[in-house]
Amino acid sequence: MSTSSNGTALVTGASSGIGALYADRLAKRGYDLILVARNTDRLEQVAQRIRDTHHRQVRIIGADLGNPQELRHVEELLRNETSLTMLVNNAGFGAVTPLLDSNVDEMEAMINLNVTALMRLTYAAAPAMLARGTGTIINIASIVAISPETLNGIYGASKAFVLAFSHSLQHELGDKGIRVQAVLPGATATAFWNVPGVGGHENLPQSWVMKSEEMVDAALAGLDAGETVTIPPLQDGEEWNAWEAARRTMSQHLSTAQPAPRYRR
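Numbering follows the UniProt record's numbering, with no gaps: position 11 of the sequence shown is 11.
Hints in this document: simulated from the structure, not taken from any laboratory. Each hint should be verified, as a subset may be incorrect.
Taking CB as the label site, the calculated pair distances span [claimed, not checked]:
1. 39 to 83: 21 to 29 angstroms
2. 134 to 42: 47 to 55 angstroms
3. 101 to 262: 16 to 24 angstroms
4. 109 to 240: 25 to 33 angstroms
5. 168 to 39: 27 to 35 angstroms
Here the structure is a predicted model, which is why all the values come from computation and not from measurement. The C-beta atom is built at its ideal place from N, Cα and C for all residues, glycine as well.
I would like the entire structure built from these sequences, with the hints used as guidance.
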């Protein structure tokens, strides 16, 4: 095992796909790891591959972050992990069914994982980072955060929360040594698409689908470039800059004593 380290990164949803790739790339960058997922067998396979390849220390935690008791266990670990320098909130799931065709209990479970767990883990990790004056929080959102008409509306709303939460965190913590990044992937070649009605990313137009390795590498390039929001598939970055400029301009005009003239009768 290597003795020099950039600290410890905790990655959720790390047993496959984007989370497993983040674990690999961060180990290559010199981070020790704490990997969290429900499937401990696959998690241990990922961990052992990283130990063998990158010679980093890797711990695994089997936890269903949608379960309040298991979530609290991971929160406690985050509060007490003195070497923690990075949190990657990747765990989550989605849906492609129309709103009224969706099971409301499954939608609530999605909110619990995509929103509540992400928020609570961030609350657990941030105070120690703030006390040390350094740390990085990466939140995996989705392009549906800004395109809620795409896929399922509850999924889009959950990812819109992640984007807004990340903006707010960066605003509050950015000048205190904490980096916050929201990553908005488009269609990515992962098991996300193995759902009824799609049957795998192979059934999507391949011009839409990014390799998961390329998505993670692009996201880390965005982190290195100091981006708060990284959208790997967006070819023209000026489109996002224009979106942000419009949002910031409009935010200065959103609270006035009188309604706009178009609403007066």
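**Study point:** Unsatisfied constraints (hint numbers, rising)
**Key:** 2 and 3
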